[in-house]
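Peer 1: Just so you know, the protein sequences line up as chains A and B, in that order.
Residue 1 is where the first sequence starts when you use the numbering used here, and the numbers rise one by one after that.
Residue 189 is where the second sequence starts when you use the numbering used here, and the numbers rise one by one after that.
Each hint can be trusted.
Stretch-level coverage of chain A by chain B, calculated; a stretch enters the list once three of its residues show a Cβ under 8 Å from a Cβ in chain B: (1) 94-107; (2) 147-161.
A few chain A residues that face chain B, going by a derived Cβ cut-off under 10 Å, partial list only: (3) Q7; (4) R60; (5) F117.
DSSO-like, lysine-lysine: derived pairs with alpha carbons at most 30 Å apart: (6) B:K296 to A:K55; (7) A:K55 to B:K227; (8) A:K124 to A:K186.
Derived from the structure by calculation, the hints contain no laboratory data.
Given the structure is predicted, the values throughout are model-derived calculations rather than measurements.
Where is the CB? At the ideal position from N, CA and C, for every residue including glycine.
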Amino acid sequence: MLELIRQPWPWYVAGALIGLTVPVLLLLGNKHFGISSSLRHICAACLPANISFFKYNWRREMWNLFFVGGVLLGGLVATQLLSNPDPIQVSAQTVQDLEALNVVVDNELMPASIFSFENLFSLKGLVFFVLGGFLVGFGTRYAGGCTSGHSIMGLSTLQWPSLVATCCFMAGGFAMVHLIFPWLMKLF
Amino acid sequence: MQNTTEEFVTNPLVLEHPIECEAPNDQLTLETPIVSNVKYMVVGILFGIVFVKAEIISWYRIQEMFRLHSFHMYGAIGTAVVVGMISVWLIKKFKIRTMQGEEVVFHKKDFHWGNIIGASMFGLGWAITGACPGPLFAQIGSGFLVVLVTLVSAIAGTWFYGLLRDRLPH
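For reference, chain A alone in the conformation it holds in the complex (with noise of 0.2 Å):
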């Protein structure tokens, strides 16, 4: 069983059990599952700085903070106990592309060639952690939602506005991938 645990598991799982996270939560106490806005609630609790949008009973919404807390939790359960010994199978179209951008493939969950300390105040830094971070975080706010809120919870009550934003959502990384990434990673 354990052995089964360990292997990737598949997208229909995977998919099966992000989807009933919806009903879940509902049914726990009528919760909306939505990721992003506890972003907003850290800014309500730690500098809500007189801005009205961070004006509100924060601790209303405590639960979404610790429910993010549990993630958080969950990725460090996963990686140090029911962890894959086996290197991340990449598909070699994408192994191809990423090479020919000079990214090393190094079939862990994230490249270490830009996801490490060392990039923390260089270029790539810039771009990949605090660029990347803050279009993160300020689209989805001014989105109103992000992949949970708007793909899942939004499409699951059939909501058009959630369908407009997951094409965005599409657009968007459809666009840094093939327009903006090759022309970015030449600056490294």
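Given chain A, put chain B in place with the hints provided.
Peer 2: Just chain B, lined up with the frame of chain A:
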């Protein structure tokens, strides 16, 4: 809460929310800060394990997705949507109540320009970081501590959105 919806009209018990919390807590029964919230942490832990075990937090999987070289992410998100849809349909159809015996509340999302502009910005960031907000937390838990910088930057992004909100097209 994001404008009023039909649900609000039909359900007078629904609580008022801070401006547009998109993932609101609609429970009427009072909750203790720690004990009541532990169950959401347990759900979060299971969710985080799924993220890591299905490699959804992997930067490479996101690259494969946007390069159309793998079906993995499309399959996972697609299955999640279908399972979510069926669950919501069942909850509505059989009027399933929450553990506290409350009616499940749904909110209508209204379109605004952020659904296009903000969503595209997030898409750009998603492809760079290889993470949407959920996987950011799981990546940190998996030991990629440098992602803490990405998380702080994402919190800063959210903060600046709050600051500039009134000046942005909606």
